[in-house]
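Sequence order for the protein chains is G and V.
Letter 59 of the first sequence, counting from 1, is numbered 58 in numbering that gives the first Met the number 0, and no numbers are missing.
Letter 56 of the second sequence, counting from 1, is numbered 55 in numbering that gives the first Met the number 0, and no numbers are missing.
Hint data in this document are derived by calculation from the structure and do not stem from the laboratory.
Each hint should be verified, as a subset may be incorrect.
[Said to hold, decoys possible] Calculated cross-link-like contacts (lysine to aspartate or glutamate; reagent style EDC-like; alpha-carbon spacing at most 16 Å):
1. G:K191 <-> G:D151
2. G:K27 <-> V:D80
3. G:K191 <-> G:E134
4. G:K271 <-> V:D80
5. G:K171 <-> G:D144
6. V:K121 <-> V:E67
7. V:K45 <-> G:E134
8. G:K271 <-> G:E261
9. V:K45 <-> V:E67
10. G:K157 <-> G:E190
11. V:K51 <-> G:D228
12. V:K51 <-> G:D266
13. G:K260 <-> G:D246
14. V:K157 <-> G:E150
15. G:K271 <-> G:D310
16. G:K115 <-> G:D144
17. V:K157 <-> V:D172
18. V:K45 <-> V:D6
These numbers come from a predicted model, not from an experiment.
Each chain, letter by letter, is given below.
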Amino acid sequence: MTTLRFSTAGSVDDGKSTLIGRLLFDTKGAYEDQIEAVKKSKVNRSGREIDLSLLTDGLNAEREQGITIDVAYRFFATATRRFRIADTPGHEQYTRNMATGASTSDAAIILVDAIKGVSRQTLRHATISHLLGIEHLIFAINKMDAMAWSEDVFNAIKAKLTEQSSRWPGAKLHYLPVSALDGDNVAWRSEKVTWYNGPSLLDLLETLEVSPAAAPFRFPVQYVVRPGDGFRGFAGRIASGEVHPGDAIVVLPSGRRATVKEISTFDGPLAKAHEGQSVTLVLNEEVDISRGDLIALETARPELSRHFEADLVWMAEEPLEPDTPYLLRSATRELNARITRIEWALDPETGNHLKANSAHLNDILRVSIETTQPLAFDPYTRCRETGSLILVHHRTNRTIAAGMIVRGTQKTVRTTESLAFDLGPVTPGERVERYGHMPAVLTSKDPDLLERILFEHGALVLRWQGDIPKQLEDSGAIIIADHGLEVPTDNTLEFLEAAGILLRRNNFISGEGI
Amino acid sequence: MQSGHLDHLEAESIHILREVASNFARPVILYSVGKDSSVLVHLARKAFFPGKIPFPLVHIDTTYEYPELIEFRDWFVKEIDANLIVHVKEEAVAQGTNPYSLGTAKCCSLLRTRALVEGLQKLQADAAIGGARRDEEKSRAKERVFSFRNQFGQWDPKDQRPELWNLYNPKVDPGESMRVFPLSNWTEFDIWNYLHRERIPIVPLYYAAPREVYVRGNTLIPVKANVNALPGEKSQIRMCRMRSLGCTPCSGAIESDADTIPKIIEELFSFRRSERENRVIDHDQEGSMEIKKREGYF
C-alpha cells in the first residue's frame, strides 16, 4: 500500500473544509466521538444535519472567525491506498501556508465554486501548486447541487481553466463536478449526473500515479555515525535515484571520490537502496565527509555553483533587506547567501511578470542568489529535495522565504564589493590554505597526466604556453608549462611532497585511484 | 519509487531524528513509556545504528503512573542500554497535588505540564522529541514537525514557522527550545502495525486481561492504590485494556478481549473511537488540548 499526499486549497466559502470533512466522514477517516462532538457543536453553518467542515477546523481562533488559518494534516485510508491531506487556507493573506502544504504534496485539489465560477483565487492556487512542483491539479467544481447539476456550467468552467493551462506546463489536469455538502462524486459516483462519466474524487485519488524524482542518485549527508569501534558511516535519506555497493561516488562540494562499500541499516546491509530510504553509507576509502556534503554518482553529478536563480515565496512580515546575508538551508547544507537581484515578481492570478524592487509577505519572485560557498543542487523540477531551499533571518531566526532553484548561473567577473560580503579579496595565503599546495611552475613529459592527477587531488592547476605573466605566477596556482621543475610520470605526488610543493595529502583521496 | 507506507514513515521519522542530533546541543527524547514512545525509541535506535541513541530518554513521572508502566520502563531502558532521566515535580507532590481536590485540569497542569517545562529547563534541553501524532487530536493536526517554543515553553499556534518539504528551521536562541515530533504523520493504525512488524515490546496494560475496574460511563478506571472510588461506587472485574496510558485516576480502559496486537488491530478496524476519548483531560473544557499546549503541554 502506498501513500498519496495531496493538498487542498480553496477560497473561504468554496466549501473546502466541507469537502475534507466529507472525505473523512464517508471513508470513516473521522472517529465516531469526533463526529459526535461536531454534532453537539453549537455552530452549524451547513444547513444540513451535521456541519462536516467542523471536523477539520481545528484551532479556537478559526472556530471564532470561521476561516482556516493554518495548515492541518489529516489522514485516512481505503482498501487500496493511504492518504495524507494538507488542508491549506485559501484566504489570500495565507499564501505562504498554501505553499507549505503544497511542498510535500503529489496532487492538489483546487476547489472551484460553481456558483461563482473561476476566481482569481482559483488561478492563484493552481499557479502556486504548480510552482511547488505538484504533478496533478484536480479541479473539483463544487456546489453543483446549487446549479442543478448543469452540464453547461461545468463545461464553461472547464473551458476557462483549459484556456489557462499553458501556465502550468507539465501538470496533469483533472476536472470533476461535485457536491461536498451532499457527498455526490466525492467518495461515491453520483446518480444525479447523467452527463459525467469520469471517476469520483476518491476513485481518482486511489488511482493517480506519482512520478519519482527525475534526478539520478542524490544523498545529502545528515549525520556521521562513529560509534568508536572503527565504524564510520554517513547517514542520510536518499533524495533521488538508487545506490548499490560498489558504486563510484563523488562528494560535493569537495569533489573527492570514493566507492560504496556497504549500505548499512539496523535491519542488516542492503543490496540496493532507493529514493526515500534512510540508510547509512560506508565507503571503501577514508574520505573527509561531514554533514552538508552531497554524495552523488561520479558519472551523474549535480550542478555546483555559488550563483543561481530561484523562485522564492516570501514567507515573513519583514520585507527583503537588500545586501543582508541570510542563512540558506538546502537539503542538509547551511551557508550564507544574498539575494543579488530580483528578476521579476510573478502575479499568480494572471501569470504576468511584474517589476519588483523588494519582497513582501506572500510575494512570488524570481531572484538571483549568491552564496559564500559553492552549493551542489539540481533544478527543483528534477529533484525537490536537492532543488529546494529556505532562507532564515540571522537575527530573528525566522524562515523568511522558501525557494525552488531554477538553474545555476555563472559569473566570471566580480567586483570587490560582491566578494563574500565582508571577507575582502582572497589572499595568496588563503589559496595555500584551501588548496594545500604552494604556487609552482612545473613541466612534464606527459602534461595531460600531470594535470589530471593534480586536478583530481583538488589542486588549483592550469596549463600555459609561452612566457608566464607575473600576475598568474602570483595567483597561487600550479602552472604546467613548457619549462619549470620537471616532474616524473610515476610517484608524482611523492615527488611533489618531497619538493615542498604539496603541503598536505590528508584531504585527498588515499588508497586506490590515481 | 515508493516502498510500503510503513517503510516510508519509518524513513521519514529517522530523517527527523538525525536532523535533531545534527542541529541541537542538548536534545532529549520525552519518553512517556506509552506505545508511541516505544516506537519513537525504536526508530532512534535505527537512526543511529550501529551507534547508541545520542540523547537521554526523559520520563516525566507524575507519581500517578501505573506500577506496570514503571516496571516496564526500567526493564526496557536496561534492555536497550539507553540513558534514562526521571523527573518529578517534587514540590507539587509534597503539596499533595491530586485530581480529586484540584480538578483534573489543575492537577495535570502542575504534575505534567509544569513538570515537563521545569524538567527541560533543568536539563537545559534545546530540543525535546515527543511521540505526538497529528491524527490524535484536532489542534495537533496543525502542529509542525519542528515546533518552536518560547522561553516559557509555550506554543503560539498563530505564529508557527513555515515548514516546507523536509527542510526544517531548527534555529533557537538561548532559553528557547524546539519540540520535535517525528511521528507527526503516523496514525494509530500505523503505530500498531509497526509495533507488530518490528516486534517492539510494550507495557502489558495495552493487552486485554481481566482487571478490577470502576465503570464510569464508557470508561473503565482500573482500581489502583491512588484511585478514589466515587461515593457509593463498587469495583467490578472486566476484561479490558488501555488504549492510551495516562495517570491512574484519569485514564480509562475499554472493554476488550484483544490480547495480541493482531486482535487489537482487528478491534480498531471494527471499532473506531479516537483513542484520547478515554483520557478525561481532553474533555475538561472546549479546545482543552490546545490550551494545554499553549501552556507547554506536549
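These are the hints, each one checked on the structure:
Of the supplied pair hints, the one linking K191 (chain G) and D151 (chain G) holds, its CA atoms being roughly 15 Å apart against a limit of 16 Å. Proximity of K27 (chain G) to D80 (chain V) is assessed by CA-CA distance (about 41 Å); at most 16 Å being required, the pair is judged violated. With a C-alpha separation of about 30 Å, the suggested pairing of K191 (chain G) with E134 (chain G) is violated against the 16 Å cut-off. With a C-alpha separation of about 30 Å, the suggested pairing of K271 (chain G) with D80 (chain V) is violated against the 16 Å cut-off.
For a cut-off of 16 Å, the pair hint linking K171 (chain G) to D144 (chain G) is broken: about 26 Å separates their Cα positions. The suggested pairing of K121 (chain V) with E67 (chain V) is violated, with an alpha-carbon distance near 27 Å, which exceeds 16 Å. Taking the CA atoms of K45 (chain V) and E134 (chain G), the gap is near 32 Å; set against the 16 Å cutoff, the hint is violated. The suggested pairing of K271 (chain G) with E261 (chain G) holds, with an alpha-carbon distance near 10 Å, which does not exceed 16 Å.
Note on K45 (chain V) and E67 (chain V): the hinted pairing is violated, with a Cα-Cα distance of about 26 Å set against a maximum of 16 Å. Between K157 (chain G) and E190 (chain G), the direct Cα distance comes to roughly 21 Å. Violation of the 16 Å bound is thereby established for this hinted pair. For the suggested pair K51 (chain V) and D228 (chain G), the alpha carbons sit about 12 Å apart, so the restraint of at most 16 Å is met. Of the pairs offered as hints, the one joining K51 (chain V) and D266 (chain G) holds, with about 15 Å between alpha carbons and a cut-off of 16 Å not exceeded.
With a C-alpha separation of about 8 Å, the suggested pair K260 (chain G) and D246 (chain G) falls inside the 16 Å cut-off, and the hint holds. Of the supplied pair hints, the one linking K157 (chain V) and E150 (chain G) is violated, its CA atoms being roughly 41 Å apart against a limit of 16 Å. Note on K271 (chain G) and D310 (chain G): the hinted pairing is violated, with a Cα-Cα distance of about 34 Å set against a maximum of 16 Å. For a cut-off of 16 Å, the pair hint linking K115 (chain G) to D144 (chain G) stands: about 13 Å separates their Cα positions.
As the CA atoms of K157 (chain V) and D172 (chain V) are separated by approximately 20 Å, the hinted pair breaks the 16 Å bound. With a CA separation close to 12 Å, the supplied pair K45 (chain V) and D6 (chain V) stays within the 16 Å bound.
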